[in-house]
Every structure is written in structure tokens, then in C-alpha cells.
Amino acid sequence: MDSRRALVGTISNDCRMGGARVKVIGLVMLVVGVVTATPAWADDTERVLFKFRDKRITESSGLALSPTHPDIIYTHNDSDAGPQFFAVGMDGRTRATFTLAGAEARDWEAMAASKDPETGRGVLWFADIGDNLEGAWPDISVYKVIEPQRMRDATLQAVRYRFRYADGGRNAEGLMVHPKTGRLYVVTKEFVGSIYQAPKILRTDRTNVLRRVGEAPIMATDAAYAPDGATFVIRTYFSASIYKAPDKLVSKVSMPALAQSESVTYTRDGSALLTGSEGVGSPVYEVPLPAKVAASPSPAQPAVAKPAAAAESGGVPISMVALWVGVALGAMAIIGIIARWAVR
Numbered sequence: 001m002d003s004r005r006a007l008v009g010t011i012s013n014d015c016r017m018g019g020a021r022v023k024v025i026g027l028v029m030l031v032v033g034v035v036t037a038t039p040a041w042a043d044d045t046e047r048v049l050f051k052f053r054d055k056r057i058t059e060s061s062g063l064a065l066s067p068t069h070p071d072i073i074y075t076h077n078d079s080d081a082g083p084q085f086f087a088v089g090m091d092g093r094t095r096a097t098f099t100l101a102g103a104e105a106r107d108w109e110a111m112a113a114s115k116d117p118e119t120g121r122g123v124l125w126f127a128d129i130g131d132n133l134e135g136a137w138p139d140i141s142v143y144k145v146i147e148p149q150r151m152r153d154a155t156l157q158a159v160r161y162r163f164r165y166a167d168g169g170r171n172a173e174g175l176m177v178h179p180k181t182g183r184l185y186v187v188t189k190e191f192v193g194s195i196y197q198a199p200k201i202l203r204t205d206r207t208n209v210l211r212r213v214g215e216a217p218i219m220a221t222d223a224a225y226a227p228d229g230a231t232f233v234i235r236t237y238f239s240a241s242i243y244k245a246p247d248k249l250v251s252k253v254s255m256p257a258l259a260q261s262e263s264v265t266y267t268r269d270g271s272a273l274l275t276g277s278e279g280v281g282s283p284v285y286e287v288p289l290p291a292k293v294a295a296s297p298s299p300a301q302p303a304v305a306k307p308a309a310a311a312e313s314g315g316v317p318i319s320m321v322a323l324w325v326g327v328a329l330g331a332m333a334i335i336g337i338i339a340r341w342a343v344r
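Taking my numbering, the leading residue of the sequence shown gets 1, the next gets one more, and so forth.
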């Protein structure tokens with residue numbers, strides 16, 4: 001959800017929720033709004049693959065290539081749009097619209113695709129994991145759907161898995177599924193982000209516990225595994241970071257300047273990333289990966305060196321990190337004043 005709209009919604013709930021918590025949340029979201037207003041920088045090799053032509057796609061928040069249908073990419077809107085997703089061709093035209101029966105769309109923020117090893121059928125995963133109140137929801141949900149075999153409008157039955165974080169609620173916008181093991185991972189969107197691993201076997205009769213397994217770049221907006229499972233990418237508003245395992249960074253990749261960078265996935269051969277943004281008619285870019293990163297080099301052949309101007313926070317320039325720190329420190333001071341005032 002757009003951080004500025006989230007701030008307005010948070011403040012409007014102040015009278016109903018009461019207390020200093022909502023005021024603090026509002027200030028934190030304001031800081032996010034300042035940070036996300038800063039554009040990313042682009043790479044000369046990027047290209048616009050297509051633009052969404054369907055005016056119903058207003059807040060594309062997730063991307064996933066179809067595991068079984070050539071030249072089909074799936075996307076879905078953010079919250080307030082219903083449990084619905086779109087199958088889109090590489091010309092940007094919608095081929096079919098699908099609705100999930102019995103599902104909610106509280107704050108859909110990500111999706112992923114995998115393949116059932118036994119049947120060969122495609123499997124789609126939709127993550128209702130957004131939480132702009134940083135832990136207000138008692139649990140979050142991920143929906144599993146068998147990929148439709150025909151590209152025509154339909155209502156699909158979904159399986160709902162409920163989750164909670166082992167160490168308290170989080171806001172998250174990244175979901176990835178390991179292509180070989182089928183294991184789910186959630187990536188949080190925080191100033192100090194984290195990667196959480198789901199249980200190996202998911203249960204529908206109880207809440208599944210997500211456990212932290214690594215760090216994530218600041219304000220991560222999406223994540224995805226490479227087709228071979230050897231690496232994964234975490235997208236932020238400014239760049240992308242490639243990892244071979246949690247906390248094992250391989251390379252950083254600059255990304256195109258987008259109004260609000262919300263989604264990322266790999267191409268079918270793993271040689272490039274696809275990334276998109278919210279907004280009507282928003283573009284989907286293809287960003288080639290350095291050859292060594294795309295080929296999953298061995299430890300003896302290190303990947304492309306990090307640019308000298310990049311810091312360890314996901315490819316963000318040092319000057320931008322300094323700006324974030326300054327804004328965050330200022331916000332913390334204001335939060336402290338308000339918190340002391342609220343408890344009087």
C-alpha cells in the first residue's frame with residue numbers, strides 16, 4: 001500500500017484506537033514516505049518489456065511467471081481490490097482474470113509460482129502479509145492455488161495457510177518459494193529487515209510459525225528465487241540484492257527508476273530480472289543480470305564486484321544511507337517526545 005495513503009489511514013484511526021502507538025506509527029510511516037519519494041537510478045541495459053493495458057490493474061504489487069503457460073505473467077493489486085489476480089501476456093494485455101473463492105485481500109503484497117513435483121501442475125502463492133501497523137494483525141495468510149489450465153475468467157478454490165512470526169508481528173512485502181524444496185520464505189519491509197522461513201510442512205488446522213533465518217536490505221518490497229534455486233533476489237525501492245543464501249550476498253544490481261517499485265521476479269532462464277511498479281499503465285522492465293550472477297558462479301569465481309559508491313544496504317549510495325539515518329534519527333527524537341507526552 002502507498003505509504004502516504006497508509007499514513008492518512010493510520011492517523012484517521014487515532015480516535016478509535018487511542019494511545020501513543022498510533023501516533024508513533026504515523027510518524028514512522030511519514031519517514032517511510034520521505035524515503036520512498038526518492039527515485040532509484042537506472043542501468044543502460046534495462047528495457048521496458050511491456051506496460052499493463054488493463055485499467056483494473058492499478059496497484060501491481062506482485063509478479064510471477066507462469067510455470068506452465070509460455071509468455072504469461074501473473075500480477076495482482078494491492079489491498080482494497082478483492083482476492084483477484086490477472087494473467088497478462090507479454091504485450092501487456094490481460095488474457096484472463098481469476099478470483100479466489102473464500103479468500104480475503106486485507107493487504108496482498110506479493111506472489112510466487114512453483115511447480116508440483118508429483119503432478120507437474122503449476123502452483124501459485126498469494127501473500128496477504130502487509131501490515132502497515134507493524135504487528136497489529138494476530139496472523140497473516142498465504143493462499144495456495146493450483147494454476148488454471150485455461151486462460152479464461154474463472155473462480156478458483158484456494159488453500160489458506162495462516163502464519164505468525166516467532167518474534168512478534170512485522171510488516172512484509174516479499175514472498176519467495178524455493179523451486180526445488182517448495183519451502184516458503186517471507187521478507188519483511190523494515191529499516192532492519194529480515195528473512196523468515198516457513199515450516200517444511202504447512203498445516204491448515206493451526207497457525208504456522210515463521211522463524212528468522214537472515215537479514216534483508218532496508219525497506220524490501222519483494223523477493224524471488226532464481227529458477228535453479230541457487231540464488232534469490234530481494235528488491236528494495238532503490239535496487240536489488242542477489243544472495244546465494246541468507247546473509248550471503250553475491251552482488252547488487254541497479255534498477256530502473258519507478259514511481260513505486262513493488263515487484264520482482266526472474267525470467268524463465270534466470271538471466272534477467274523483471275520488475276514492476278504500482279499505477280495505471282505501469283511498466284514492467286527487464287533488467288539483465290551480470291553473467292556470473294546469472295550462471296551461479298562457484299565460490300572460486302566471485303561475482304561482479306560491488307560498485308564503489310554502494311553501501312551494504314542493498315546497493316544504495318552512501319549519501320542516501322546518510323539521508324535515511326538523519327531522517328530516522330529526527331523521527332526517533334519526535335517519537336520520544338510524543339511518547340513521553342502520551343503517558344502523562
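Hints should not be assumed to be uniformly reliable.
[Unchecked claim] Label-pair distances were calculated between CB atoms; the ranges are: (1) A257 to P290: 29 to 37 Å; (2) S271 to R203: 31 to 39 Å; (3) Q157 to T181: 33 to 41 Å; (4) P290 to Q157: 18 to 26 Å; (5) D269 to F191: 19 to 27 Å; (6) R53 to S271: 20 to 28 Å.
Source of the hints: derived by calculation from the structure; they are not laboratory data. Backbone N, C-alpha and C fix where the C-beta goes; we use that ideal spot for every residue, glycine too.
Looking only at beta-carbon atoms, does the pair D269, F191 fall within the given range of 19 to 27 Å?
Hint violated: Cβ distance 35 Å, outside 19 to 27 Å.
When you take the CB atoms of P290 and Q157, is the distance between them in 18 to 26 Å?
42 Å, violated
Take a look at whether the Cβ-Cβ distance between Q157 and T181 falls inside 33 to 41 Å.
Because 25 Å falls outside the window, the suggested range is violated.
Cβ-Cβ distance between R53 and S271: within 20 to 28 Å?
26 Å, holds
Check the following: the C-beta atoms of S271 and R203 are separated by a distance inside 31 to 39 Å.
Distance hint for S271, R203 holds at roughly 37 Å.
Just to be sure I understand the hint, the distance between the Cβ atoms of A257 and P290 should be within 29 to 37 Å; is that true here?
Between A257 and P290, where Cβ atoms are some 20 Å apart, the hint is violated.
Violated hints, in rising order: 1, 3, 4 and 5; the structure is consistent with all others.
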